[in-house]
Amino acid sequence: MKNNSHNGLKRSTLFGICFTVLFIVFAAVPAQAQQTTVSLNTPELVKGSTVHAAVEIDNVNNLDAGQFGLSFNPDVLKVINVENGSIEGTKIPVQWSSIDSDIVMVIFNLEGVTGISGSGQLARIGFEVIGDGESNLLISSGLLGNTEANQIDTDWGVTTATDVEKSTPGFEVVSALIGFIVILGLIRFRRS
Amino acid sequence: MTGNNLLFGVVITAILLICVPSASAYTLGVFGNANEDDTIDLKDVEYTESIILGLDDQTQLADAKYDGEINIFDVMQIEQIMLGQEKELTVMDIDDRIVTVPKPIKRMITRAPDDARLTIALGAGDKLVASEAAVKSCLCPTNYEAYTEGCMDCYFEILNERMPDLPETSTRHTIDYELMASLNPDVIFTTEDGDLFENKVGCPCVTFGYGSNEYNYDGLYGQIELMGYVLGTRDEADDLIDFIESKVDMVRSVTDAIDESDRPTVYFAPRGCSKGFYDPKEGRDFTRTVSSYEPLDIAGGINVARNEPTGNLNVGIEQIIAWDPDYMFVACSKAEDKGSINMIMESDDLKTVSAVKNNMVCNSFYPYCRGHPPDRSLFNMIYMAKLLHPEEFADLDLEAEGNEIFKAFLGVDGVFTQYADWLEWPREYLDTQ
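Protein chains in written order, with my numbering: chain A, 1 to 192; chain B, 1001 to 1433.
Simulated from the structure, these hints should not be mistaken for lab results. Worth double-checking, as some hints may not be accurate.
[Claimed, not checked] Reference excerpt, derived from the structure (chain A facing chain B, CB under 10 Å, subset only): (1) D100; (2) V106; (3) S140; (4) S141; (5) L143.
These numbers were taken from a predicted model, which means no experiment stands behind them. From the three backbone atoms N, C-alpha and C, an ideal C-beta is built for every residue, glycine too.
Could you put the whole structure together from the sequences, leaning on the hints where they help?
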């Protein structure tokens, strides 16, 4: 009787732990999926050519305005233009200026107050490759604001085209982890 | 010069006039007024964007969020201000204090009657939860503390009939900070001691004023504009400024055409003469004057004290005799004081003065009431213009003008009619017209 009661308590505790883990994981996965990220995509740099660095954005909600700077090695690159971006087919109208010849500042401010959600490009920065060496492309002063004039939490982590992309656990990994925990819980439940 | 050259000159001049931006005499003290003109509009958005892009110089007011940085969030704040959707607003008040107020304002207290009057004029009287005791006799002119004579219809009607019971959080000499705090205001409007109010009451306090000791329209417009932003009543502020300007322009359109040599000289006693020639305690005497009272200038008079130092002045009676003004305007705020001008008319000292000799010593409206009531001064301008230039303003209906002016500020009909009856001397004058 006492043993059965003890086993019942263990089952309840295990079940509670499994439920809590599942809840946390499922609650966390959507939040992680909503993380807004901005990254830089640059093709191979060949001296004498013109290249476009795309500033890409993923998982943004209600984007209304933003700014970023892109610094570079002026011995290697020279800014020639900045083209408008596009998110889910909606144009991102940019304004830009070249400051101190080694940084280009880009701002955008969407018309209206509806905002844009989804993924796409914030801008495409055209460079003329004028020399050899490291491009030193680096995003700085990045800010995104939503239609409530609040700052959008943004991962600006990927700053150079040649950097190795930081990996984060994908949905597959998380799903496998969940499955593993559930199975483990069920096995323990049957044994007891 | 040929006809073509003349035409070319006219066209060039016209283009230049169009291209020269209209300069405003005041800067709107709202953070977000990036280009530091008199309003917040798309130009401020563009200017702030130019600052971020490094194309224009930073200005203090471009930091719309007032966080020490100028970035895209300042642009967004400016857009929110333009839409009237900002969650808070940072302003620079008349004492150069930087104050952040929550928006929208729902409850407010005014220390000075002038601020209460403008609050009501801007359609925000419903937010007023308390004020100074003098507000009850200064807005709708009534007898102080008794409230039994004067513009009684106005007194009972204004503020949705709340005036008689409006809590009094201060008097001329005392301030009940605890009562203020208990009324939980979002903001306090006052004319001075903003830091003291903030410390004692625990809410933001914005000071308003004319930017100088003297009543002037640019200072008034600046106050109205700033108050409109704080209260979220920008359209009403623009309407009120337009109304005041329309009256100023109406008078100016006539008086500007009058040659300087045809303008009469005027000695203005804004504190009246009920205390005689000298009143060392309160300065409410005939020899107290001001070097600048813009309504008088607009009305086409020449203030004989215009070259004196700014602010309130006490001059010797000999100086007044030396100025020899064509007119004397003596302010009068009570019916029982209307005969005070007889003291001047009968003074042996002043009998050589032109105004006395020609019987041009006149009562005028009292331009003070714990501040500078703009409705009274606006009417004073029209009244003085009619006295100084009776032929040019022969068709002016003073009573209609007065009622229109007081309604614009207080929202109540017929205030001037009751005011004229109460003071008696305006009614006597109107009856002669």
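Once the shortest beta carbon distance from S140(A) to chain B is found, is it less than 10 Å?
-> Since chain B brings no Cβ nearer than about 12 Å to S140(A), farther than 10 Å, the hint is violated.
Using Cβ atoms only, decide whether L143(A) comes closer than 10 Å to chain B, and label the hint accordingly.
-> This hint holds: L143(A) lies near chain B, its Cβ roughly 5 Å from the closest one there, short of 10 Å.
Supplied contact hint for D100(A), tested at 10 Å Cβ to chain B = At about 8 Å, which falls below the 10 Å cut-off, the nearest Cβ of chain B leaves the hint on D100(A) intact, so it holds.
Let me know if the C-beta of S141(A) comes in closer than 10 Å to any C-beta of chain B, holds or violated.
-> With a minimum Cβ separation of about 7 Å from chain B (threshold 10 Å), the hint on S141(A) holds.
Taking the least C-beta to C-beta distance, is V106(A) closer than 10 Å to chain B?
-> holds (8 Å)
Checked against the numbered hints given earlier, this structure breaks only hint 3.
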